[in-house]
Amino acid sequence: MNPVYIAGAGMTKFGRSEWSLMKLASVASLSALHHANLGEIPVDGIVVANMGAARVNRQTALGSALVDQLALYPATAEAVENGPASGASAFKVGCQAIASGMADVVLVTGVERMRVVNGLEGTDFVASLAHPEAEYIYGVTLPSLAGMFARLVMDRFGVERKHLAMVAIKNHENGTKNPYAHIQQTVTMEGILTAPEAAVNNPPIAEPLHLFDCCPVSDGAASVVVVSESVAAKLGGPKVRVAGIGQATDTHAVHDREDPTDLKSVRLASEKAFSMAGVGPSDVDVAELHDAFTILEIAESEAAGFFPRGEGHLALERGETRLDGKLPINPSGGLKAKGHPVGATGVAHFVELTWQLRGEAEGRQIKDAAIGYACNFGGFGNNVVATVLRREA
Amino acid sequence: MGAKVLGAKCTSCGVVSYPVRSVCPNCRAESFEDVEIGGKGKVLTYTDVYALAIDYETRYLRLAIVELEGGQRVTGQLLGDDPKLGKAVETTIGIVRVQGGKEIRGLQFLPV
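Quick mapping for you: the protein sequence lines, in order, are chains D and Y. Reminder that position 188 of the first sequence reads as 195 in my numbering, one-by-one numbering, no gaps. Reminder that position 30 of the second sequence reads as 80 in my numbering, one-by-one numbering, no gaps.
Next up, chain Y with everything else stripped away, as it sits in the complex (with noise of 0.2 Å):
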């Protein structure tokens, strides 16, 4: 993954579907464009984990998901402290996780 996170915007109904698809949910079109993803947006859940997979030396992860402005909803890391339902957050990109000493770069939530 790149310094982007991308949909899948399809090119017949306009729906985006995140994570990408081959077919499109709403109309079962087949065509898509890349659209970005993020922005600011609410914090719908969120949890400290600490029954963590492998590739992380840390205590806990704080884990959310967003939805973001327009409804679009994503999974991602929460940054900062205080979590709180409904929180305003905004997107950034950052290591989310470090596999076999290769950083994989995906979503953080930064509170607004």
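Chain D on its own, in the form it takes in the complex (with noise of 0.2 Å):
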């Protein structure tokens, strides 16, 4: 297999935009492209990653339309649809292009543009990647998901509501220092949790997850220029190599699982990616994780082998996750408060993760920072992809 490298990232800041999908497409690949640039080096496919715009923006067929606005035409052009994890799902496909050979330059580019529709709607679309017959039909939707994990995790392991807000607290805070975030705001515990006010400010969504654990609904997207060696070699600077990816499977309805708190996918697909770098979990400098709730920050901070089992929330209070702690966790924001445009995320993680592997995350910058993690968590952890980056010299 040869070896695959992250030569360019760029994205646009998530949130509500006016911008048409293909506009915020456009926008994110452009700013990989010129941060990657590639001056006479063509660009030989195109990946997009995308969850709902069949559904929510009534367009299909995006790596067409993407290869179109970007005039790269007769690149290869294609989509990818892996629900929540569709952008790391679409990395892997351009990384697999470089590594077999059949590639030397492609551009993956996550997009979603979902506040489109209002929040019934956009809540359905998502939560029509659960199973149709025995758990959407019920009224299932994510956040009703991860409440009953986190109540299980919550009973089982002794974390409390206080940790979840720690990793809000956190995740703000750090997401006031990235300018592409979607929430620019700093929480507090009283805020949302302690005062008085705190039971107006801070609602169920999912008991006993509150709006606070929960991300925003955003638009957004995120693009990286993955290459060659020789490719790599003739664009000189820093250099960002894909050093593993792992990922894993489990069934599709939740309640099947033989230990419903156990996110065994994240566990195999995290192992699975440390393998193949030759690296392990205490080897790492940063990790962006899939906090589309809070808890499940915890959790997978546990799975991916960061801390044991039920340890999570206590790395977490002693600080050991945030900017200046040992394993700084979502130094974006994470998708808590940089947002989560689904088909987007798993795009953004790299996006950061190469920014910081290249001493370019101003203001959040982890001094140093050569290997990095990323999870994205598709389904209900039914489908999880696990990467992990190497800086090197």
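By construction, these hints were calculated from the structure, which means they are not laboratory data.
A few chain Y residues facing chain D, derived, Cβ under 10 Å:
{"no.": "1", "residue": "Thr97"}
{"no.": "2", "residue": "Tyr100"}
{"no.": "3", "residue": "Ile104"}
{"no.": "4", "residue": "Thr108"}
{"no.": "5", "residue": "Gly126"}
{"no.": "6", "residue": "Gln127"}
{"no.": "7", "residue": "Val146"}
{"no.": "8", "residue": "Gln149"}
{"no.": "9", "residue": "Leu157"}
If you want the footprint, here are the derived chain Y segments under chain D, 3+ residues with CB under 8 Å:
{"no.": "10", "segment": "84-96"}
{"no.": "11", "segment": "112-122"}
DSSO-like cross-link-like pairs, simulated, lysine-lysine; straight-line CA separation at most 27 Å:
{"no.": "12", "chain 1": "D", "residue 1": "Lys184", "chain 2": "D", "residue 2": "Lys374"}
{"no.": "13", "chain 1": "Y", "residue 1": "Lys90", "chain 2": "Y", "residue 2": "Lys134"}
{"no.": "14", "chain 1": "D", "residue 1": "Lys184", "chain 2": "D", "residue 2": "Lys333"}
{"no.": "15", "chain 1": "D", "residue 1": "Lys184", "chain 2": "D", "residue 2": "Lys20"}
{"no.": "16", "chain 1": "Y", "residue 1": "Lys59", "chain 2": "Y", "residue 2": "Lys90"}
{"no.": "17", "chain 1": "Y", "residue 1": "Lys137", "chain 2": "Y", "residue 2": "Lys90"}
{"no.": "18", "chain 1": "Y", "residue 1": "Lys54", "chain 2": "Y", "residue 2": "Lys152"}
{"no.": "19", "chain 1": "Y", "residue 1": "Lys137", "chain 2": "D", "residue 2": "Lys169"}
{"no.": "20", "chain 1": "Y", "residue 1": "Lys134", "chain 2": "Y", "residue 2": "Lys92"}
{"no.": "21", "chain 1": "D", "residue 1": "Lys271", "chain 2": "Y", "residue 2": "Lys92"}
{"no.": "22", "chain 1": "Y", "residue 1": "Lys134", "chain 2": "D", "residue 2": "Lys169"}
{"no.": "23", "chain 1": "Y", "residue 1": "Lys59", "chain 2": "D", "residue 2": "Lys271"}
As the structure is a prediction and not an experimental result, all values here were calculated from the model. Where is the CB? At the ideal position from N, CA and C, for every residue including glycine.
With the hints as a guide, bring the two chains together.
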């Protein structure tokens, strides 16, 4: 397998956007292409990640649409739909093209424009990933799966609402240091949990999860340019190697899992990614996790191998996952503050990690970050892609 | 869906899949017989969800995963007040969603 490098990364600001789906995708793509500074080197192909455009934007064949926007024909073009893991799946497809030798330069762009529909429609389009007969028909939505998961984890491992709030406080703080983050506002323990007005500020969404345990609904796009070793050598500059990718699946219905508190797919995907990279969780300098709900940051930090099972909330409490901690988690603000345009999220993880590993994450730079890890959590854990990136001299 | 919720019992090893699938996860056989899903059980976890999908006009829905006697787990709507982990319930079939005027029946859990 040939080595794969990330040569450029860029994104739009996440949030509510008036831009069309293709405008979002184009702006992110061009910022990544400019960052890569390819000069005369041609783009061989593009891969677009998206989950809901067919339904919420009434647009399909997004690869062909973006290749036209960017006037990159006759480059190859396709779109990948893999639920909330679409971003990292599309990235994997791009990396496979490079690793196999079929391409030297591939643009991977994740995009979602989901604020165009009302909240019920938006929630329903994401809920359509649930099992149609055993979950969806009952009114199961992603927040409800997260709420049921949170209640079990909290009961079993002593996680309290204050720990969930600590995730939100940390990620909102990080988000204010990221100009691309949707929410630019810090929150306090008093404001969302302990003061009397917290009940109003932070209403329940899916008990025991409240508003500030859930990511916002965002529009946005993120892009990276992946290249072969020969192209990376021509470009010069800092080199970010795609050191390992692992993917694992699990049962469609959450109730079907042997232990519904065990994020087995995160564990297996991470083990594969670390094994391919030849490093372990303790080597990681910076991690971007899929905190669509605060409880997931805690649970994923354990399943990825950073902390023992049932102790992620204790590491959080000790400050180990803050920007100045031993293992900073979600310096970008995470889904919680940066936002979650579903198809863009997995790619945005790589954008943040690329900036971190190149020393370009102004205002939130992790000193000497050399190894980055990302977890893109699809379904409610039924399809997970874990990735390890490494800076090379 | 009719008035019953059905799982698939593998004709080779007897393991029940719910929801149904085309290959038995236990022995990889591909032949099944229908088996009715339901009975008594305990609440494994639950939530009151306010982030609702389309088709619901209520303020919130109370959803649960229940572990039935024998170990089969199911997702459905929890009825009654005072939900608790481990609460004893039994299944009934009720209208769980109305989609474009069509009533969809499925599992609901009644306190015993």
